[in-house]
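> Using the hints, build the complex out of the two chains.
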Amino acid sequence: MTQQPDALKLGDYTFNSRLFVGTGKYQTFELMQEALQASDCEVVTVAIRRERLLDQQNRNILDFLDQKHYKLLPNTAGCFSAEDAVRTARLGRELLELDWVKLEVIADKKTLLPDPIGTLEATQTLVKEGFTVLVYTNDDPVMARKLTDAGATSVMPAAAPIGSGQGVLNPNNIRIILEEAQIPIIVDAGVGTASDVTFAMELGADGILLNTGIASAKNPVQMAHAMKHAIQAGRLACLAGRIPKKIYASASSPLEGVIGT
Amino acid sequence: MNITINGKTIEITDGTTCRQLIEQLQLKGPLALEVNKKICPKTKHDQTILRDGDILEIVTIVGGG
Numbered sequence: 001m002t003q004q005p006d007a008l009k010l011g012d013y014t015f016n017s018r019l020f021v022g023t024g025k026y027q028t029f030e031l032m033q034e035a036l037q038a039s040d041c042e043v044v045t046v047a048i049r050r051e052r053l054l055d056q057q058n059r060n061i062l063d064f065l066d067q068k069h070y071k072l073l074p075n076t077a078g079c080f081s082a083e084d085a086v087r088t089a090r091l092g093r094e095l096l097e098l099d100w101v102k103l104e105v106i107a108d109k110k111t112l113l114p115d116p117i118g119t120l121e122a123t124q125t126l127v128k129e130g131f132t133v134l135v136y137t138n139d140d141p142v143m144a145r146k147l148t149d150a151g152a153t154s155v156m157p158a159a160a161p162i163g164s165g166q167g168v169l170n171p172n173n174i175r176i177i178l179e180e181a182q183i184p185i186i187v188d189a190g191v192g193t194a195s196d197v198t199f200a201m202e203l204g205a206d207g208i209l210l211n212t213g214i215a216s217a218k219n220p221v222q223m224a225h226a227m228k229h230a231i232q233a234g235r236l237a238c239l240a241g242r243i244p245k246k247i248y249a250s251a252s253s254p255l256e257g258v259i260g261t
Numbered sequence: 001m002n003i004t005i006n007g008k009t010i011e012i013t014d015g016t017t018c019r020q021l022i023e024q025l026q027l028k029g030p031l032a033l034e035v036n037k038k039i040c041p042k043t044k045h046d047q048t049i050l051r052d053g054d055i056l057e058i059v060t061i062v063g064g065g
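Residue numbers (this note's numbering), protein chains in the order written: chain A, 1 to 261; chain B, 1 to 65.
Next comes chain B alone, as it looks inside the complex (with noise of 0.2 Å):
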C-alpha cells in the first residue's frame, strides 16, 4: 500500500505501525509524527496501524529565530 511522507509518496507493507515505519527509515534522534493532520503521540507508535493513503509529516527541530 502507498503513503505519503513528508510530501513524497512511498510504497510499504500492509498493517505497517508507526514505529515500524520509523525504524525501517531509520530515523534516529527527536521526532514527531503526524498522521493525516492528527499528532500520533510517541506512546501511540506501537499501536497505531498505518492505511493506504495516509499522509505523514515527520518533524524535528532545527535551527530558527
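Isolated chain A (complex conformation) (with noise of 0.2 Å):
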C-alpha cells in the first residue's frame, strides 16, 4: 500500500482509508466481499466464537476475507465481563497472530451500552500485556481521558447505539472528545446513512467504523459505495475549514453595478 498524505495511524499501523468496515449481518459472504469491495476499507472487524463441533462443511468467513488485503480487527462483542473480554481478545491474538482487538465490555444487552468500569479495566490489563487497544466506548468526555490515560492506542465513543442508525446523537459531547484528544478518535456504531459519517468527520473524527449501515442496507454494495464517498467528502470538508454560520445573508454577487440603479 503506498501511503498517501493524510493516512491515518493506529500504533504502529497506518491506513489510507479511514473507514473501517464490519463483517456480520450480511446475507451471504459473497454480498460482504462486494460491499467490502465497494467501501475500499482496509480494516475489517470479526468476532470470535466457539467453534460448531458437529457442523464441518459450513465454509469459513477467513475464506472470504483476503488478509493480503485486509487487516482483521477481532472484536470482543458479546462479552459482558472485562474477564470475558481479555479471555476473548487472547484467543483473538492466538487465532490471527496479531496484536490489536477492538475491545468491547456491554453492560446490557438490549442497550449495548459498554459498561465503563468493566471497559477500563480490561483496557489496563490487555495494555499490559502489549495488545494495541481500540476501545469501543460511550460519548463521555471523562470516560475518553481516563482510557487514553489507560493506554488505548485508540478511543471509539458511538454516535448512537450499536445498530440503531440514528447518526451522531450528542454532537456536543463529540466535540468536546475530539477537542481535547491526544489519540485518534474514531465514531463507531450508530451511524445509518451516508450523511451520518460525513457529518462525523465534519466535527473532526479520524475515523469512522461501521456494520448494519452498510449490511442492513436495501442494497449494501451501493451503501458501502456511498460511504466510501462520504468519509472522503468528510474528511475534506474538515481540512478544508468551513464558513461560520451566520444569522444574515452574505451576498455572492457584487452589490455594485446592478442595473437600474
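Warning: the hint list may mix true and false statements.
Far from chain A, by Cβ distances over 10 Å, these chain B residues were calculated [claimed, not checked]:
hint, residue
1, ASN6
2, THR13
3, GLY15
4, THR16
5, GLN20
6, LEU33
7, VAL59
8, THR60
Pairs of lysine-lysine residues, derived as DSBU-like cross-links and limited to a Cα-Cα distance of at most 35 Å, are as follows [to be verified]:
hint, chain 1, residue 1, chain 2, residue 2
9, A, LYS71, A, LYS9
10, A, LYS109, A, LYS245
11, A, LYS245, B, LYS28
12, A, LYS228, A, LYS218
13, A, LYS128, B, LYS37
14, B, LYS28, A, LYS109
15, B, LYS37, A, LYS109
16, A, LYS9, B, LYS37
17, B, LYS38, A, LYS128
18, B, LYS38, B, LYS28
Distance ranges between label pairs, derived from CB positions [said to hold, decoys possible]:
hint, chain 1, residue 1, chain 2, residue 2, range
19, B, LYS44, A, GLN67, 20 to 28 Å
20, A, LYS109, B, LYS28, 27 to 35 Å
21, A, GLU34, B, GLY29, 17 to 25 Å
Calculated from the structure, these hints are not laboratory results. Ideal Cβ placement from N, Cα and C applies to all residues, glycine included.
Quick look at the structure:
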C-alpha cells in the first residue's frame, strides 16, 4: 500500500482509508465481499465465537477475507465482563497472530451500551499484555480521558446505540472529546447513512467504524460505495475549513453595477 | 474421563492431548483453544495432556461489527 498524505496512524499501523467496516449481518459471504470492496476499506472487524463442533461443512468467513488486502480486527463483542473480554482478546490474538483488538465490554443486551468500569479495567489489562487497544466506549469525555490515560491506542465513542442507525446523537460531547483528544478518535456504532458519516468526519473524527449501516441497507454494495465517498467528503470538508454560520445573508454576487440603480 | 468443551461435557480417553482431541473432533479451519481459562497455544497442542474436569473453549473467527 502506498501511503497517501493524510493517512491514519494507529499504533504501528497506517491506513489510507479512514473507514472501518464490520463483517456481520450480511445475507451471504459473497455479498459481504462485494460490499467490503465497494467501501474501499482496509480494516474489517470480525468476532470470536465457539467452533461448532458438529458441523464441519460450513465454510469459514476467512475463506472470503483476503488477509493480504484487509487487516482483520478481532472484537470482543458479546462480552459482559472485563474477564471475558480479556480472554476473548487473547483468543483473537492466538487465532490471527495480530496484537490488536477492538475492545467491547457490554453492560446489557437491550442497549448494548458499554460498561465503563469493565471497559477501563479490560483496557488496563490488555495494554499491560502488549495489545494495541481500540476501545469502544460511550460519548462521555471523562471516559475518553481515562481510557487514553490507560494506554488505549484509539478511543471509539459510539454515535448512537449499535445498529440503531440514528447518527451522531450528541455532537456536543463528540466535539469535546475531539478537542481534548491526544490519540485518534474513531466514531464507532450507530451511524445509519452516508450523511451521518460525513457529519462525524466534519466534526473532526479520525475515522468511522460501521457494520449495520452497510450490511442491513436495502442495497449494501451501493451503500458501501456511498460510505466510501461520504468519509472522503467529510474528511476533506473538515480539513478545508468550513465557513462560519451567520444569522444574516452575505451576498455572493457583487453589490455594485446592478442595472436600473 | 470427562471434559467440558464449549459448554458441553463429553467423555474422552485418559491421556488425550489437545492435538488428538482436535483430530478426534475432526475440527478443520483456523481455531484457538483455551484450557481452564488459559490459552493453549498451537505450539503446545501436542504436549498438553487433558485432565478430568478440564474446561475447554475452542473458538474460530465469524462475522461481526
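> Work down the list of hints and note, for each, if the structure agrees.
Cross-check of the supplied hints:
{"no.": "1", "hint": "ASN6", "verdict": "violated (4 Å)"}
{"no.": "2", "hint": "THR13", "verdict": "holds (17 Å)"}
{"no.": "3", "hint": "GLY15", "verdict": "holds (21 Å)"}
{"no.": "4", "hint": "THR16", "verdict": "holds (15 Å)"}
{"no.": "5", "hint": "GLN20", "verdict": "holds (15 Å)"}
{"no.": "6", "hint": "LEU33", "verdict": "violated (8 Å)"}
{"no.": "7", "hint": "VAL59", "verdict": "violated (5 Å)"}
{"no.": "8", "hint": "THR60", "verdict": "violated (5 Å)"}
{"no.": "9", "hint": "A:LYS71 to A:LYS9", "verdict": "holds (14 Å)"}
{"no.": "10", "hint": "A:LYS109 to A:LYS245", "verdict": "violated (40 Å)"}
{"no.": "11", "hint": "A:LYS245 to B:LYS28", "verdict": "violated (59 Å)"}
{"no.": "12", "hint": "A:LYS228 to A:LYS218", "verdict": "holds (17 Å)"}
{"no.": "13", "hint": "A:LYS128 to B:LYS37", "verdict": "holds (18 Å)"}
{"no.": "14", "hint": "B:LYS28 to A:LYS109", "verdict": "holds (31 Å)"}
{"no.": "15", "hint": "B:LYS37 to A:LYS109", "verdict": "holds (24 Å)"}
{"no.": "16", "hint": "A:LYS9 to B:LYS37", "verdict": "holds (33 Å)"}
{"no.": "17", "hint": "B:LYS38 to A:LYS128", "verdict": "holds (17 Å)"}
{"no.": "18", "hint": "B:LYS38 to B:LYS28", "verdict": "holds (22 Å)"}
{"no.": "19", "hint": "B:LYS44 to A:GLN67: 20 to 28 Å", "verdict": "holds (24 Å)"}
{"no.": "20", "hint": "A:LYS109 to B:LYS28: 27 to 35 Å", "verdict": "holds (32 Å)"}
{"no.": "21", "hint": "A:GLU34 to B:GLY29: 17 to 25 Å", "verdict": "holds (23 Å)"}
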